[in-house]
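Which chain is which? The protein sequence lines are A and B, in order. Numbered per the numbering used here, the first sequence finishes at 88, counting up by one with no gaps. Numbered per the numbering used here, the second sequence finishes at 417, counting up by one with no gaps.
One or more of the hints may lead you astray.
No farther apart than 25 Å at their CA atoms in a straight line, the calculated lysine-lysine pairs in the DSS-like style are these [said to hold, decoys possible]:
#: 1; chain 1: B; residue 1: Lys31; chain 2: B; residue 2: Lys12
#: 2; chain 1: B; residue 1: Lys290; chain 2: B; residue 2: Lys106
#: 3; chain 1: B; residue 1: Lys31; chain 2: B; residue 2: Lys106
#: 4; chain 1: B; residue 1: Lys106; chain 2: A; residue 2: Lys49
#: 5; chain 1: B; residue 1: Lys12; chain 2: B; residue 2: Lys54
#: 6; chain 1: A; residue 1: Lys49; chain 2: B; residue 2: Lys12
Ranges between beta-carbon positions, derived for each pair [to be verified]:
#: 7; chain 1: A; residue 1: Asp13; chain 2: B; residue 2: Asn137; range: 55 to 61 Å
#: 8; chain 1: A; residue 1: His18; chain 2: B; residue 2: Gly20; range: 47 to 53 Å
#: 9; chain 1: B; residue 1: Gly250; chain 2: A; residue 2: Asp32; range: 42 to 48 Å
#: 10; chain 1: A; residue 1: Asn25; chain 2: B; residue 2: Pro326; range: 56 to 62 Å
#: 11; chain 1: A; residue 1: Leu3; chain 2: B; residue 2: Gly250; range: 49 to 55 Å
#: 12; chain 1: B; residue 1: Gly17; chain 2: A; residue 2: Val76; range: 57 to 63 Å
#: 13; chain 1: B; residue 1: Ser225; chain 2: A; residue 2: Phe8; range: 41 to 47 Å
#: 14; chain 1: A; residue 1: Gly20; chain 2: B; residue 2: Leu322; range: 31 to 37 Å
#: 15; chain 1: A; residue 1: Asp13; chain 2: B; residue 2: Ser164; range: 41 to 47 Å
#: 16; chain 1: A; residue 1: Leu3; chain 2: B; residue 2: Arg335; range: 43 to 49 Å
#: 17; chain 1: B; residue 1: Asp289; chain 2: A; residue 2: Gly10; range: 58 to 64 Å
Partial pick of chain B residues on the chain A-facing surface, computed with a CB cut under 7 Å [stated by the list, open to error]:
#: 18; residue: Ser225
#: 19; residue: Ala402
#: 20; residue: Leu406
Read the hints as simulated data drawn from the structure, not as lab findings. None of the values given here were measured: they were computed from a predicted structure. Positions of the beta carbon are idealized from the N, C-alpha and C atoms, including for glycine.
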Amino acid sequence: MQLFPCPFCGPRDETEFHYGGDAGNARPEGADVPIERWAGYLYLRSNPKGTAREIWVHMNCGEFFVMERDTVTHKVLSSTALGGEHAA
Amino acid sequence: MTRRYSALSLFKEGLAGQTGWKQAWRSPEPKPSYDAIIIGGGGHGLATAYYLAKNHNISRVAVVEKGWIGGGNTGRNTTVVRSNYYYPESVELYGLAHRLYEGLAKDLNYNVMLSQRGMVNLCHSTAEMEIGARTVNAMQINGIDAELFSPEDVRRVAPIYNFSPDARFPVFGGIWQGRAGTARHDAVAWGYARAASRLGVDIIQNCEITDFIIEGGRCRGVQTSRGAIRSERIGMAVAGHSSVLAAKAGFRLPINSYALQACVSEPVKPILDTVVLSPGCGVYVSQSDKGEIVIGGGLDRIPSYAQRGNLPTLETVIAGLLEMFPIFGQLKLMRQWAGIVDVVPDSSPIIGESPLPNLFLNCGWGTGGFKAIPAGGTLLANLLATGKHNDISRPFDLDRFATGRLIDEAAGSGIAH
Ligand SMILES: Cc1cc2nc3c(=O)[nH]c(=O)nc-3n(C[C@H](O)[C@H](O)[C@H](O)COP(=O)(O)OP(=O)(O)OC[C@H]3O[C@@H](n4cnc5c(N)ncnc54)[C@H](O)[C@@H]3O)c2cc1C
Ligand SMILES: [Zn+2]
């Protein structure tokens, strides 16, 4: 059983968290977005082997945050609230 | 020297003290160039090489594998073979694989131990029974053998299920495919390897592809841990590592890699002679020819390249197993392991050209590509040989994510991969 750090609640059981996709995958804006761009946003994933920056949600408190994690060792490198993201 | 396997060759080798068997496949040094290179020596890669030589007469082919052949998911899966899918496109694909599996031992002169013991997908409520009827109808319309089972039918094929009145997941019936079953996973890899090697294919193990040679915007070969190998036609069938190689080729895929785990018990006497899947319990189970109970379940919860699987998921699987078969509470687990699978949003594979010209894809099989090996090999071979799709592979092209023509088998047949 692994503990994940929620930036709001602290270390909690991994089963309380849900994976939400790549961090920085911004939704395209505007009326003339080409379909390739939509497909990229909706479906393409970085899926790195090693360090990954991902969006997670802590289902108990409902907060979304960014977690940096090694996908091979599962070691957590950082965990930041989504708002703090831009500041960093 | 004994090359072909037969009752007579077994007998002769018996007399000769088993000293005359030839190595099943050659292990040559990589040549500087080939007519085609296949990345990944799993079932799909080896089958591709075999069908390139057999169907298209292209045998200057290298299969390049970073570890040992069949050491990936092909040697780690729970060996279920079936074609009970929902959409016509999937039925064409998995139906082709299923038919080829039925003739495979003969075709390869290698016993892949296909055992068509049947498979039942259980329904645990009236609502699930209605979905079950819809699925059976779809399969029958598409020409796939399927039957709607009553509780009595289920009791006949799986008498040790928990039929007690206070069972948490009572049986309302099930979806039955009689031609489904299991095959020996290692034998599928070894059989294709042996047959391909005999047709001239070079199988190169312990050789990792580290980069692509890209010239004039086209893929012209690969860099490996044993030097450069050039070719104008490169196929990639690396399952859970597709995104890693795609990144080296300069594109992304609609794939997340997850660990999928399985476990087996100690061997026991024959007690279960069919494959039983319960979506409610999140478990499927069969008994191997050696007597082990082979147990599989859902994906791990987090994207991962750690080839081991995690405890919360294993606990869920075992809890589900004991709901289904309380009698298994006395079993000892012998081994647990995991493979890294490539999960696609619509739970269907990706077969087709990649964004890098000359590089073709066979990936995204997720948790269910073992049953598809003969078809995946046939279709990637066709793409490499002709540069074009045929009718069966066309719907599985990468462009479906831009056109929106997804083949959503998670919604269609409830297959969670
Ligand atoms: C626990 C588990 C249970 C499963 N149960 C079933 C089942 O019951 N039925 C079913 O149909 N499917 C099942 N599957 C899925 C099935 O095993 C896979 O879809 C299938 O084996 C994929 O075959 P493949 O040839 O594409 O991949 P693999 O067999 O994984 O082969 C890919 C190969 O590529 C190699 N490779 C990777 N990167 C490189 C590189 N850079 N250079 C060279 N080589 C490289 C790997 O070493 C590997 O050997 C299961 C999977 C798992 C993990
Ligand atoms: Zn929290």
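Here is what the structure says about each hint:
1. B/Lys31 x B/Lys12: Measuring from Cα to Cα gives roughly 36 Å; hence the hint is violated.
2. B/Lys290 x B/Lys106: holds (23 Å)
3. B/Lys31 x B/Lys106: violated (31 Å)
4. B/Lys106 x A/Lys49: violated (40 Å)
5. B/Lys12 x B/Lys54: violated (29 Å)
6. A/Lys49 x B/Lys12: It is violated: about 50 Å lies between the C-alpha atoms, which goes past 25 Å.
7. A/Asp13 x B/Asn137: 55 to 61 Å: violated (43 Å)
8. A/His18 x B/Gly20: 47 to 53 Å: Given range 47 to 53 Å: violated, Cβ gap about 59 Å.
9. B/Gly250 x A/Asp32: 42 to 48 Å: Violated - the Cβ-Cβ distance for glycine 250 of chain B and aspartate 32 of chain A, about 26 Å, lies outside 42 to 48 Å.
10. A/Asn25 x B/Pro326: 56 to 62 Å: violated (45 Å)
11. A/Leu3 x B/Gly250: 49 to 55 Å: At 37 Å between Cβs, range violated.
12. B/Gly17 x A/Val76: 57 to 63 Å: holds (58 Å)
13. B/Ser225 x A/Phe8: 41 to 47 Å: Hint holds: Cβ distance 45 Å, inside 41 to 47 Å.
14. A/Gly20 x B/Leu322: 31 to 37 Å: For leucine 322 of chain B against glycine 20 of chain A, whose Cβ atoms are near 32 Å apart, the range 31 to 37 Å holds.
15. A/Asp13 x B/Ser164: 41 to 47 Å: violated (33 Å)
16. A/Leu3 x B/Arg335: 43 to 49 Å: Between leucine 3 of chain A and arginine 335 of chain B, where Cβ atoms are some 27 Å apart, the hint is violated.
17. B/Asp289 x A/Gly10: 58 to 64 Å: violated (50 Å)
18. Ser225: violated (17 Å)
19. Ala402: holds (4 Å)
20. Leu406: violated (9 Å)
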